[in-house]
Amino acid sequence: MTLLNLDNPVFAAYVVAAALMVLKVMLQGWMTVVRMMKANAGWASPEDLRKGLINRAPDPAQLDPNDYVDRSRRLHRNDLENIPAFWTAGILFTAADPALWLAQSLFYGFVLARLAHFLAYATQRSHEVRATFYSIGSLIVIYMGAHVLWNVLV
Amino acid sequence: MTLLNLDNPVFAAYVVAAALMVLKVMLQGWMTVVRMMKANAGWASPEDLRKGLINRAPDPAQLDPNDYVDRSRRLHRNDLENIPAFWTAGILFTAADPALWLAQSLFYGFVLARLAHFLAYATQRSHEVRATFYSIGSLIVIYMGAHVLWNVLV
Amino acid sequence: MTLLNLDNPVFAAYVVAAALMVLKVMLQGWMTVVRMMKANAGWASPEDLRKGLINRAPDPAQLDPNDYVDRSRRLHRNDLENIPAFWTAGILFTAADPALWLAQSLFYGFVLARLAHFLAYATQRSHEVRATFYSIGSLIVIYMGAHVLWNVLV
Chain A
13 MTLLNLDNPV
23 FAAYVVAAAL
33 MVLKVMLQGW
43 MTVVRMMKAN
53 AGWASPEDLR
63 KGLINRAPDP
73 AQLDPNDYVD
83 RSRRLHRNDL
93 ENIPAFWTAG
103 ILFTAADPAL
113 WLAQSLFYGF
123 VLARLAHFLA
133 YATQRSHEVR
143 ATFYSIGSLI
153 VIYMGAHVLW
163 NVLV
Chain B
13 MTLLNLDNPV
23 FAAYVVAAAL
33 MVLKVMLQGW
43 MTVVRMMKAN
53 AGWASPEDLR
63 KGLINRAPDP
73 AQLDPNDYVD
83 RSRRLHRNDL
93 ENIPAFWTAG
103 ILFTAADPAL
113 WLAQSLFYGF
123 VLARLAHFLA
133 YATQRSHEVR
143 ATFYSIGSLI
153 VIYMGAHVLW
163 NVLV
Chain C
13 MTLLNLDNPV
23 FAAYVVAAAL
33 MVLKVMLQGW
43 MTVVRMMKAN
53 AGWASPEDLR
63 KGLINRAPDP
73 AQLDPNDYVD
83 RSRRLHRNDL
93 ENIPAFWTAG
103 ILFTAADPAL
113 WLAQSLFYGF
123 VLARLAHFLA
133 YATQRSHEVR
143 ATFYSIGSLI
153 VIYMGAHVLW
163 NVLV
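Chains as they are written, first to last, in this note's numbering: chain A, 13 to 166; chain B, 13 to 166; chain C, 13 to 166.
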């Protein structure tokens, strides 16, 4: 018998939360693209200054840092610092056969915390607000990692 | 019965694509190392200016940004923005028991798109070329995430 | 029968190593937070200069690069370049049903190499020391990726 199967409601909850986070990370890349196009700035590489469909009027200043674009890149980096660890912790946690209510609370709690973090960061709320949602997401992943270790080793 | 098993041809296709992407990401790190050694520049930390086997003639300018080295770091960052999400989306997609032809097309399509993105970026092709291959890879991962959600929730 | 189950001692070893790496990555984020608070510098976003609980005496210089804080961010980036690939390579390797002694050596060897890399980087050891531990970890992941491909394709 395997726990990593959609017949297991814990795994089904993991799949929903993990797939939502897949969409979150991938759409963050597109937010950077949209912001680069709108600002016509914040390009990453020297060759992006070649005239073409994406850049009709090249200007060396387009390679300068641009907070509107960099904010999306910082959001993306923050995602990468948290979400891949969630994907792995979640699958390990599922394999440890936890209570369904606990798994659902942690999985969906993480999704909600990251959504709130996104909204706080994108709308430039104070550091305290963003830090609160970051902390909730981070503590959920740390809890799952510790729970798994305890379960296997103790 | 489990779908996450090499007896399942969808999982076998996932394993091949995911392992190729593991090698891609890890070799990107070595490309940065090789470029740092060849350029003798683009070092990341103050202590890298200590004289030693890696750095025989230290010079503070070695800590300055260097496009030859940074290009490999940007490739690496772009990998990290796409490939871990592919690893997770692929395993979720496999658990959703898709048609084999569809799974193989998406898994190998992603590998080919990322390979083409690498070649376009490494050889400084125009932004349009690189963006096309980035988009193909990204849309494949987004499709897999959406397919999984649809499959579980609808 | 599934190999991705705690009854399989290879999977149990994977779970322990992967969970330790989950904790490593997440705690790296908190090391950055602690260093930002202690240095009262190295903040990432313009809105972090607003007066509040986290920042009682804002000063524009707090947005300047700060090596004490950036060192933790570089450690984090190095983790992201290596650990998610380990998480995936490890699960693929487990599915390839390797010998237990080999799996344990690679999984725990990776954990020890990354711990040594952390200590070398955090205490500013020479580039050669840090590079040695980076290389050990990287070669372990590359070996697992190649082993899996060989196993499935040959």
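Keep in mind the hints are simulated off the structure, nothing from the lab.
Be careful, since some hints might not be right.
It does not matter which identical chain is meant; a pair holds if it fits inside one copy or across any two.
[Said to hold, decoys possible] Cut-off 20 Å, straight-line C-alpha distance, at most; resulting in silico cross-link-like pairs (SDA-like, lysine to any residue):
| no. | residue 1 | residue 2 |
| --- | --- | --- |
| 1 | LYS50 | LEU127 |
| 2 | LYS36 | PRO72 |
| 3 | LYS63 | HIS159 |
| 4 | LYS36 | ARG89 |
| 5 | LYS36 | VAL164 |
| 6 | LYS63 | LEU127 |
| 7 | LYS36 | GLU140 |
| 8 | LYS63 | LEU161 |
Hint by hint, here is what the structure shows:
1. Taking the closest pair of Cα atoms, LYS50 and LEU127 never come within 20 Å of each other, the shortest separation being 23 Å inside a single copy and 28 Å across copies.
2. In this homomeric assembly, LYS36 and PRO72 never come within 20 Å of each other (Cα to Cα): the closest approach is 32 Å inside a single copy and 32 Å across copies.
3. In this assembly of identical chains, LYS63 and HIS159 lie within 20 Å of each other by CA distance neither inside one copy nor across copies; the values are 54 Å within and 37 Å between.
4. For the homomeric pair LYS36 and ARG89, the shortest alpha-carbon distances inside one copy (12 Å) and between copies (17 Å) are both at most 20 Å.
5. Taking the closest pair of Cα atoms, LYS36 and VAL164 come within 20 Å of each other only across two copies (18 Å); inside a single copy the shortest separation is 31 Å, beyond that limit.
6. For the homomeric pair LYS63 and LEU127, neither the shortest alpha-carbon distance inside one copy (37 Å) nor that between copies (25 Å) is at most 20 Å.
7. Taking the closest pair of Cα atoms, LYS36 and GLU140 never come within 20 Å of each other, the shortest separation being 22 Å inside a single copy and 24 Å across copies.
8. Taking the shortest alpha-carbon separations for LYS63 and LEU161, neither the intra-copy value of 54 Å nor the inter-copy value of 40 Å comes in at or below 20 Å.
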